[in-house]
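Protein chains in written order, with this note's numbering: chain P, 486 to 605; chain D, 366 to 471.
Honestly, the hints are just simulated from the structure, not real lab data. Take these hints with a grain of salt, some might be off.
[As the list claims (entries may be wrong)] BS3-like, lysine-lysine: derived pairs with alpha carbons at most 25 angstroms apart:
hint : chain 1 : residue 1 : chain 2 : residue 2
1    : P       : K541      : D       : K467
2    : D       : K410      : P       : K528
3    : D       : K404      : P       : K528
4    : P       : K541      : D       : K404
[As the list claims (entries may be wrong)] Just the calculated beta-carbon pair ranges, DEER-fashion:
hint : chain 1 : residue 1 : chain 2 : residue 2 : range
5    : D       : S391      : P       : A525      : 15 to 25 angstroms
6    : D       : P424      : P       : N589      : 18 to 28 angstroms
7    : P       : R561      : D       : A459      : 26 to 36 angstroms
Quick reminder that beta carbons are idealized off the backbone N, C-alpha and C, glycines included.
So you can see what is in the structure, the chains are spelled out below.
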Amino acid sequence: QVQLVESGGGVVQPGWSLRLSCAASGFTFNRHGMHWVRQAPGKGLEWVAVIGDDEKTQYYADSVKGRFIISRDNSRNTLNLQMNSPRPDDTAVYYCAREAEHFNWYFDLWGRGTLVTVSS
Amino acid sequence: DIQMTQSPSSLSASVGDRVTITCRASQGISNFLAWYQQKPGKVPKLLIYAASTLQSGVPSRFSGSGYGTDFTLTISSLQPEDVATYYCQRYNSACTFGQGTKVEIK
Chain P
486 QVQLVESGGG
496 VVQPGWSLRL
506 SCAASGFTFN
516 RHGMHWVRQA
526 PGKGLEWVAV
536 IGDDEKTQYY
546 ADSVKGRFII
556 SRDNSRNTLN
566 LQMNSPRPDD
576 TAVYYCAREA
586 EHFNWYFDLW
596 GRGTLVTVSS
Chain D
366 DIQMTQSPSS
376 LSASVGDRVT
386 ITCRASQGIS
396 NFLAWYQQKP
406 GKVPKLLIYA
416 ASTLQSGVPS
426 RFSGSGYGTD
436 FTLTISSLQP
446 EDVATYYCQR
456 YNSACTFGQG
466 TKVEIK
């Protein structure tokens, strides 16, 4: 079954750290760029970060640059997002999403999301 | 940074109506434009990419058009299952979503 399953969400205090993971199955993971997209409660979609199929090329939204780190392990079909120094405005459902076409950042497969709440 | 502006923010229409949602980019983006549907409590679903290409499995009542800065998503005959929020997204060299258009049944 082609799917993405996120995990690792929860409540984290501002300034602490949290690591999200996304397990991919049913497709050739190492052929797709992978992204994180978030959605604050009751709000719209916001792109967060991308990592290329090479496990190296990374880009970030200005809102998370220098705080979040995206990584992947193609041998384990896993995508990660290390959230360092989270802030209350990072509170959102975090989705992992598959890039539909090489170098074209639109998404044909989404996970169900994992909720991150940043609060003291 | 290129901004994406959708209009209207919400609309209410009757079953069978033709519905049009507009998305405007603050700079030209060629045809690097996608549309998503997000039903309440659900995950976003890709409807259209490259401004006008229908994703596999999406009903033909959905269509997209436009190039450069102005784009439209049209539902030719609104159905109850189309109640959702619709987002445009530009993907040329970066990724930015519009703020969303909520579609309801009158």
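Hints, verified against the model:
For the proposed pair K541(P) and K467(D), the alpha carbon gap of about 37 angstroms is over 25 angstroms, so the pair is violated. Our distance criterion of 25 angstroms between C-alpha atoms is met by K410(D) and K528(P), whose separation comes to about 17 angstroms. Distance check on the hinted pair: K404(D) and K528(P) sit about 13 angstroms apart at the alpha-carbon level, within 25 angstroms; holds. Distance restraint check for K541(P) and K404(D): the Cα-Cα separation of roughly 34 angstroms exceeds the 25 angstroms cut-off, and the hinted pair is therefore not satisfied.
Restraint check, S391(D) to A525(P): a C-beta distance of roughly 22 angstroms satisfies the suggested window 15 to 25 angstroms. For P424(D) and N589(P), the Cβ-Cβ distance of about 23 angstroms falls inside the hinted range of 18 to 28 angstroms, so the restraint holds. For the pair R561(P) and A459(D), the beta carbons lie near 29 angstroms from each other, so the given range of 26 to 36 angstroms is met.
The structure shown violates the earlier hints numbered 1, 4.
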